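Asker: Starting from two chains that each stand alone, build the complex the way the hints lay out.
Chain by chain, the residues:
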Amino acid sequence: SQTIHQWPATLVQPVGSPLSLECTVEGTSNPNLYWYRQAAGRGLQLLFYSVGIGQISSEVPQNLSASRPQDRQFILSSKKLLLSDSGFYLCAWNTERQGSYTFGSGTRLTVV
Amino acid sequence: GQNIDQPTEMTATEGAIVQINCTYQTSGFNGLFWYQQHAGEAPTFLSYNVLDGLEEKGRFSSFLSRSKGYSYLLLKELQMKDSASYLCAVRAFYKLSFGAGTTVTVRA
Chain V
1 SQTIHQWPAT
11 LVQPVGSPLS
21 LECTVEGTSN
31 PNLYWYRQAA
41 GRGLQLLFYS
51 VGIGQISSEV
61 PQNLSASRPQ
71 DRQFILSSKK
81 LLLSDSGFYL
91 CAWNTERQGS
101 YTFGSGTRLT
111 VV
Chain F
1001 GQNIDQPTEM
1011 TATEGAIVQI
1021 NCTYQTSGFN
1031 GLFWYQQHAG
1041 EAPTFLSYNV
1051 LDGLEEKGRF
1061 SSFLSRSKGY
1071 SYLLLKELQM
1081 KDSASYLCAV
1091 RAFYKLSFGA
1101 GTTVTVRA
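Just so you know, the protein sequences line up as chains V and F, in that order.
Read left to right, the first sequence gives residues 1 to 112 (our numbering).
Read left to right, the second sequence gives residues 1001 to 1108 (our numbering).
If you are wondering where the hints come from, they were derived from the structure by calculation, not from laboratory data.
There may be inaccurate statements among the hints.
What the hints assert, rightly or not - Residues on chain F that point at chain V, a partial pick, calculated with CB under 7 Å: (1) Ala-1042; (2) Tyr-1070; (3) Ala-1100; (4) Gly-1101.
Said to hold, decoys possible - Here are some chain V residues pointing at chain F (derived, C-beta under 8 Å): (5) Arg-42; (6) Gly-43; (7) Gly-104.
Because the structure is a prediction, the values reported are computed rather than measured.
Just so you know, even glycine gets a beta-carbon here, dropped at the ideal spot from N, CA and C.
With the rest of the complex left out, here is chain F (with noise of 0.2 Å):
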């Protein structure tokens, strides 16, 4: 199976930058994404790393280390419409497994 770990909470100001972490451990490790889920909502795809190195995606970049078993989600020029929950999720094999996720709140 695999182990997914991220923090649980993190603050923000408006028009700030804030790095959301997350460790893995998997076997058969085939990509790293991240979600992004508002309360009550689907999720919905925000980013996809399966080669080292960083992908930026207007005010979004995902970082991947895979032999750290690391990524992070940068998010910067924070708006308030950014305060939802942004998950990490592993592939391995056909399979999507997800972190608890991390709730950001953005505060004006």
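Pulled out of the complex, with its shape left as it was, chain V reads as follows (with noise of 0.2 Å):
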């Protein structure tokens, strides 16, 4: 069965720290992968999404990156973080076969 880990759980950094969230696929290939932010009380906001290995398309310009090393992971990045970057952060896949979007299970980010 096909799951999705991503870690960490809850993560405290402070500001101009660098920060690395990964997201890893099991169980199928090839699929597309996204990473959300949910501010507190808000909707969830694409922020990168992949349809393949090395391939990454950004939704909005802002203090972070993504990679995908890999077929079934991605990373999530940034080299300063700002007090704004504090959320919840969603790691998503799909398959053209699976339409549905399966979420991990998140990051919360707080930025002191």
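Answerer: Pasting the structure below:
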């Protein structure tokens, strides 16, 4: 069966520090991968998506970047965190065969 | 981009029915999804419509009218555990874009 792993679950980082969040999918190949952010009390904002290894599409200009070094691995990074980067970060995947999008358990990031 | 509108909050009584409406404007429409999200948790998939009409899944049903850019999620026989945020999401090309969500509170 397909599973999605996302870690860490919570993270508290100082302003100006780097960030690396990792997401991996198991049990499927060539998934479409997504990073979303949800600010407190707000909807989900699509940050990045990838339809293949090394292919990244950015939805909004921001202080973050994404990479896909392997087929089932998606990484969200920042060189220097801002206070406004705080939020709930969610990784998701789908394939054309499985139309629905499955979310990881999320990382709650607090920048202090 | 997509404009997706849904009410902010709704309150209903246990055992009742609630209908959450969603309107959208998009190019390249390729499906409408409903997700449930409990506070502090990730969204979980409820339903998917790509053709016009009603999809029924137990206590939950979802309807789509592509010509009107309109969908609704119907929750029947409400239970306390149904208190959550319900997210309407529209897929266009590869991307799934979400509305701000409707917080449903079920009262005893």
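Asker: Each hint should be assessed against the structure and marked as holding or not.
Answerer: Hints versus structure:
no.	hint	in the structure
1	Ala-1042	holds, 4 Å
2	Tyr-1070	violated, 19 Å
3	Ala-1100	holds, 4 Å
4	Gly-1101	holds, 5 Å
5	Arg-42	holds, 7 Å
6	Gly-43	holds, 4 Å
7	Gly-104	holds, 6 Å
The structure does not agree with numbered hint 2 stated previously, though it agrees with all others.
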